[in-house]
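These protein sequence lines are chains R and B, in that order. For the first sequence, position 54 (counting from the first letter as 1) is numbered 54 according to our numbering, and the numbering increases by one without interruption. For the second sequence, position 101 (counting from the first letter as 1) is numbered 1101 according to our numbering, and the numbering increases by one without interruption.
What the hints contain is simulated information worked out from the structure, not anything from laboratory work. Mixed in with the good hints, there may be bad ones.
[Claimed, not checked] Under the rule of at most 25 Å between Cα atoms (straight-line distance), these lysine-lysine pairs were calculated in the BS3-like manner:
id : chain 1 : residue 1 : chain 2 : residue 2
1  : R       : K104      : B       : K1014
2  : R       : K58       : R       : K69
3  : B       : K1083     : R       : K104
[Unchecked claim] Not everything, but these chain B residues come out facing chain R in the computed CB check (under 8 Å):
id : residue
4  : G1002
5  : G1003
6  : G1016
7  : L1043
8  : L1045
9  : F1055
10 : L1090
11 : F1104
12 : G1105
13 : Q1106
14 : G1107
Ideal placement from N, C-alpha and C gives every residue a C-beta, glycine not left out.
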Amino acid sequence: AQSVTQLDSQVPVFEEAPVELRCNYSSSVSVYLFWYVQYPNQGLQLLLKYLSGSTLVKGINGFEAEFNKSQTSFHLRKPSVHISDTAEYFCAVDGGADGLTFGKGTHLIIQP
Amino acid sequence: DGGITQSPKYLFRKEGQNVTLSCEQNLNHDAMYWYRQDPGQGLRLIYYSQIVNDFQKGDIAEGYSVSREKKESFPLTVTSAQKNPTAFYLCASARDRDLTEAFFGQGTRLTVV
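Could you build the full structure based on these sequences and the hints that come with them?
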């Protein structure tokens, strides 16, 4: 079985400041990890994914994440956020035939 | 353009009525999924289908039903047995079991009054 824990339900941060959204996982199958972004009343858009290889993964909109096997973490980071980054962010792990298993989400709030 | 389409975007129904949410994809994907999203709950899997004419229950299948008569379509029916149907519903598709290339629809917000 697999599970995903997003430790923060809300993260407020000032515009142009750095941000880190935390994600920890457990999985008994191959570890494929994902971060998705959701804007209000929209579907999910893939930000980035880790499949194998380099543990530092770069995604769209200036986001990156680092896979840490020993700490079973896949934290999302951005060096400088913008108002347009205000959204809900979901971490997910590939559960095989059962589809993706999601965390409960982190609401990123950008303050001017 | 290839994609996955959910309709309608907003849906209102009276309590006790069944309602069907549409999900269509033209990506030639074998696998399709339905998720329910509630505030602070993340996404929870309702049903999934890996192939036409076959589907499996997810974590919260009670009160829901699906069909997969065509590869392109995976409609979800919210029945009157679903105790708390008001939620945001998301459909997704993926090539076979390769979730590394999953696509999501724009969602349907169902409100039961």
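(message) Taking the earlier hints as the rules, which of them does this structure contradict?
(response) Going through the list in order, the structure violates hints 1, 4, 5, 6 and 9 and respects the others.
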